[in-house]
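**Q** One letter stands for each residue in the lines below.
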Amino acid sequence: MDKREDLFKKAEDIEKEQKEKLIKEHGIYYFEKEDPETGEKKRYVNIMGIEIETEATKEDIDKIKENLVMSELDQELLRKMAEAYVLRQPLMLEGAPAAGKTFLIKYFTKLLYGADALPLTIYGTTRTDAEDIIGHWVPKTTNEKEKKIWNEFLETIDGKRKMQEVINELKGKKDLSEEQRRNIIQEKLKELAKSIGLTTLSEFEFKEGPLLRAYSGDNGQGYILDVEEMGVMPTNIQETFLPIGGESGKLAESIQFWGNGKEVYHRGPKTWIVFASNPPEEVGARHEVTTPMASRLTWIRIEKEKISPKVENLIDFLYTKGKIKSEIKPENVLIPVEKPIDIQKYPELAKVISLAVKTFHDAFIKWYDKVGEPDRNQKFEIGAREALRVLDNILKFQYRGEDGEIDLTISLKRAIELYYIDRLSDTEAKEKMRELFEAILGEGESELLGAGAPTINGKTIAEKLKEEIENIIDPEIRKKKLIKEIEEKQEKIWQVPPEFVSVGEGDLELKVNEYQDLIKKIELLKNEAINEENSEKASEILKEAIDLFSKLESLEKELKEMLGGYETFFDNFKGMLDEI
Amino acid sequence: MITLTFKIQKSKLDYFLESVNQVTHPVALGSLEEIYDLGLVIFEKDSKATIDDILSVFPKNKVEVLKYENNKYEIPFIEKMVNLLENKKWILIDLKADPGHNLINQLRHLSDDNVMQLLDFKGKEVYNLKLPVESRIVVVVQRDFLEKGISYPRFLNIFGPVLSL
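The listed protein sequences derive, respectively, from chains A and B. If you read the first sequence in this note's numbering, its first letter stands for residue 1, the second for the next number, and so on. If you read the second sequence in this note's numbering, its first letter stands for residue 581, the second for the next number, and so on.
Keep in mind that the hints are not guaranteed to be accurate.
Straight-line distance between alpha carbons at most 27 Å, and here's what the computed DSS-like set of lysine-lysine pairs gives [to be verified]:
{"hint": "1", "chain 1": "B", "residue 1": "Lys710", "chain 2": "A", "residue 2": "Lys65"}
{"hint": "2", "chain 1": "A", "residue 1": "Lys207", "chain 2": "B", "residue 2": "Lys640"}
{"hint": "3", "chain 1": "B", "residue 1": "Lys702", "chain 2": "A", "residue 2": "Lys270"}
{"hint": "4", "chain 1": "A", "residue 1": "Lys329", "chain 2": "A", "residue 2": "Lys345"}
Simulated from the structure, these hints should not be mistaken for laboratory data.
All chains should be built: construct the whole structure from the sequences, respecting the hints.
**A** Shown next, in the form of structure tokens:
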């Protein structure tokens, strides 16, 4: 069993403090923390509740914050960006111009790498080529004329075909070393140069493009890559990014590229790729992103309706030179628990979650295929990646419910929103999908849930999740929690009016005695559990006591009904006496 | 000899260049960070104005004209832009070819962040050159070419002030 002290007061207080600080500090603050293993002091930035290690200084963060209005849309997007970054899920922000996509990506990079940092950026154009993304071979020469001829040749159809032939030839030589492959390339390129009359070109070097740099540049650390105007790029060029799709919807651990002989580019610890695009049905001359590419991305469609309030916030902000900032909405700041439950270690719990996600996934696909979004150009292939992204998210981000316990329904609702619902553009459809998931949890109804909400042993998903979480809590903590629960229930126990305790006879007397005995039994069980040293055993006793409360409630109801009759009799009798 | 028409246009040109020189705007909606605009001059079909007319209003050695005519081999052009900015010059880009990926990327970087971003340049893996406060970029294009010859759909969005001559 895990030791889960954080489930109680101390951790709750820390989370509460963090939330208050974020609201006060406009959603972002800097802090330092000692690494428990190395003792080294590390810098962190908390962005809307998500803590990320940063290279920025406190001064940097303060300076960056001065420039951010933090409208409600900014708050929402920054939070989602932070989650996707932590999970290394490639992200797409699709929205109309002026939604602030580019700006937020840049400011997110600054928050992580300092006030002067910029992401590597590619702006997609109609003339963008795969070489502009991956890289290309350039001759090592000072002869500008030959360089020019070479580069112009590579732009021709014949040049592209011949370069592809060189790359294809290398793909078949997997058993060769990197150096051997490079030598082959050099020879092939020399031959190619000769074939177009360039006799002085004898050595070539490969210039890695932004994608390979983002993966392995900065001595293997990697960079944040911002791909703007994805929808302007020709669709076949968009697919140059296909290799970034990795397991569970994350960025691939490495990408293979044969063209320079190196073969594998490993993902650096700082590598992250974020895309931005305009909706093709709203902004002219845009292509939709190809469905295989779209399915590799965590996709957020920014709602148009959220942009106008942002402009209103902006006017206040600019007119007062940043003195009036948007308020941080408490509901936008959700603090994840420091030690989330390792769901995969608890098969029973994992099964409940899997049932909820599977049911939603199937219903979502069914709806998308049948109804979908006919007015929208961007289409999606909803596959297993979405479900895996949900799992990845809830493994990392878990939140405390009102009772102080981890409430996985909160994580699930947020993850379903981010990986399924945020893809949609239609507000009504989004609402329908939210209702659908709530219905699956057993918290509402949905017309889309044909066979009704799934249950396990007669319990709804939400109830079952709660039960499973209780089962994995540390026994000592569970014991304390159950005692607290019993004491709270005891305070609310209805007491039989004293005049009836000794007056009753027959059925009433029996019922009163039964009720009083039950109260005593609960108290006895509670005391027995308190004295029991084995916490697991104590919890069993306490659960038995808790179960008695439902019996107590039904007895209370019966007694009240019976006493109601007596009360009327006594009232009438008293009335008669008064008259006499 | 300066004609009467150009005198009228000269006041427009002065106003335009002064705007390019002095007016800043927030880097994006929601930010207080200010950056400079890039300017666009469009020569209308019947215009008699020339690049020399524009050059004539600048002090000596303040501005250089770069003719963009080869979109297949853009690197030398981009390198020239870097050199001129490092020398704190204004650049007038005389656009004669559909801008390729590299030029559009540098113009967008300049427009969005007032920087040029190059990979493997001057010994640096990522080279970010901030637009000097003394420098500005103005692109000059014929109306006909602007309408028919430019494939990048957001070309006009790159610029702040636009002057039609």
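**Q** If a hint holds in the structure, say so; if it does not, say that too.
**A** Checked hints:
1. B:Lys710 x A:Lys65: holds, 21 Å
2. A:Lys207 x B:Lys640: violated, 38 Å
3. B:Lys702 x A:Lys270: holds, 24 Å
4. A:Lys329 x A:Lys345: violated, 35 Å
In the structure shown, a violation is registered for the earlier hints numbered 2 and 4, in ascending order.
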